[in-house]
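Generate the whole structure from the sequences, applying the supplied hints.
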Amino acid sequence: MDFELSPEQRAFRDTVVRFCEDKIAPHAEKADRTCEFSYEAFYEMGKFGLLGLHYPEEYGGQEADILTSVMAGEAMGLGGADGGLLLAWGAHTYLCGDTILKHGTDEQKKKYLPKIAKGEWIGAMALTEPGAGSDAASIKTSAAKKDGKWILNGSKTFITNAPIADVMVVYAVTDASAGYGGMSGFIVEKDAPGYSVGKPFHKMGMNSSQTSEVFFDNCEIPESNLLGMEGAGFMMILQTLEWDRSALMAPFIGSMEKSIRSCTRYTLERRQFNKPIADFQAVQRKLADMVIYRNAVRLLVYRVAWNKDQGRMLNHLEAAVAKLYAADEGFRMAYEAVQIYGGYGYIHEYPVERAFRDARLGSIGGGTSEVQKLIISKILAQEAK
Amino acid sequence: MNFEFTQEQLADADRFRSIVNEKIAPLAQKIDQSSPTERDEIVRSHFKTLGELGYLKLSASEGVGGAGRGALEWTLHAEMLAKVCPSTFLAAYAATEMACVPITLFGNEIQRQQYVVQTLNGDTLGAFALTEPEGGSDPLGIKTSAGKDGDGWVLNGCKTYVTNGPVCDFAVVLAVTKSDGGVKGMSLFIIDAKTAGFDNSKRLETMGHRGAALGELVFKDCRVGPEALIGMENEGFGYAMHALQSGRLAASVGSLGIGQAGLALALPRAMTRESRGKKIIRNQEVSFKLAEMYALIDTGRLLVQYAASSIDTGDAETGPNVSCAKIFTSEAATKISTLTVQVFGAAAYVVGHPAERLYRDARAGEIMYGPSEIQRVMLAQDLIGKYGV
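Protein chains in written order, with my numbering: chain A, 2 to 386; chain B, 8 to 396.
Hints in this document: simulated from the structure, not taken from any laboratory.
From the three backbone atoms N, C-alpha and C, an ideal C-beta is built for every residue, glycine too.
Misleading hints may appear alongside valid ones.
Here are some of the chain B residues that sit facing chain A, going by a computed Cβ distance under 7 Å [to be verified]:
{"hint": "1", "residue": "PHE12"}
{"hint": "2", "residue": "GLU15"}
{"hint": "3", "residue": "TYR313"}
{"hint": "4", "residue": "PHE335"}
The structure is reproduced here in structure tokens:
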């Protein structure tokens, strides 16, 4: 057991931090205010290789391991500080792209992955429905085969990237009597007949990403757009958790690191009662807690990634703890950063204000904190039997 | 980066688990509930057993007869001992991971043979004495003095809250050798418990960890020869900080073990206890408590291993990493033991219940070897040094 990163890993992380400071951070505030997706920044990320780091070279990737992908996510959280863009990155690269990489046919991979890796096409993943959130197996969107085509009917909601997506991985029920085994994945392109998206939601945070409803009204897609095996949809969703609990949690680490740095500097500059507020122990406590939880979340998330790199099945206990802490403690630390900045922390121009709103999604999206506790307690009980 | 121990390390730890489960766990409640004499006898015999089986020398270097396997591998074993008996854990590691540390690192060969080797074999029990009635978290404020006496020294003063104090064979003691010398005015001494002028008779009864005897050490014209000095004169403060750092890691592991013991009690209880026609684990008010306990333990263990690993590699971040581990695990143990009592309800409010003991045992973690408050101040100061303008 050892916790050392190699010099190459550190150098890579530093390079990504600098890239993001240069290309992403300068636009983050405006993107948040205008609620606009920055195609330009996204395309730059593609050029740099961040939209398909672990994809095989033939599909435009760099065959990076998972730990490297996690470090990239961490570096983007630190250097870019644009939560929405990273949310878009996660949905695009992993929930959409990686699912095609894992389960797609050669043809599907050739068709979509190089475009996704470059950022030419934007990907999304649609699972959640108005009546099916934490209880993902209760989705109602249906897919039926007819005359050599799949016909999709139903609606999805809270779909990251939906308003701007060129390609979407969609989960639908193909056999209503088969429960978990009755869901399948599909690839839907934006020009499919009967496919439409709603207006972008006006969200609390993550405003530089676009989120909306998706509607399938007798939406027709070719038979060949079935993704993976028929009936394997739920298994595929579970597999995306490997990314959801590693690379997608990594920006939280970077965001905490950024808070630590900016808050430390601020507490030394800001003077009250004739001394820097860094001299007050109530302020010091907040800084100290940021260090503790940054270390904790980093270790938890890196462990998920490392185990995955060993070729193992996802350990759901480890993954749930990582998600729970990254989300809950990530938010709590963002809250404390606002508290340290006081009135300034309540103003849009200050990055801690945006980080606070962005962080609030953590314990909701990709499995609520309550669901994580449910998973942990169920596994504990099973193991104790 | 590698998040796993080797198969060999894990197999070793499994053997240790069987030993502590068989020999030490059954007496944990008895230790808590019996008279001081009985407690001391049981804990001393546990210490001897652990020494004979070679489990006190895991982390120590080969130069002092240790196994040289480092702090990280030590934590793997130590948390098992802490889980089954926090008292034995504390007594054993106050000796091996604190009192022996400065002797190993800075003592001479004779001192190492006489004190460290014997302790690691389970034959002698040491104590580490820093805190005084008027100075705990402020080690620079200590008053115990060691004046030159020929080529030896004469000690005067009082140490308190010394783990193993009342039962120790020797004590490692920090004393002022140059008044107003600050960190460069203190020296570290080994005082044999039989030395005239050394009094360790005052025992302090504690809330928890009742088998780890806590007490005062009083020095009244306590004369020792030159061989009592560890390392160099006036360099003792730095030596003592090494012992404290090692002690903080040990305290983290102790808290981690207590947390595990709590979950190990609460989980089967929740799975078997019925109320309103169903097992209480079917209530989220119960099952989510268990999930929180698990998350605290799992995360705490990573922080502990990270800290231990940085001690082994001599990482520049060792101090902050140890502080993180100690704050997190000690506060986790307090929380877990509280939740454990809650899961059991009134049953755990009855003296003699293991959850009742754990609740008391857990409370020491946030206090010992630098309370959470001091650890947080240290972490903040470290940050200010790093990122301050």
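Violated constraints from the hint list, given by number and in increasing order: 2
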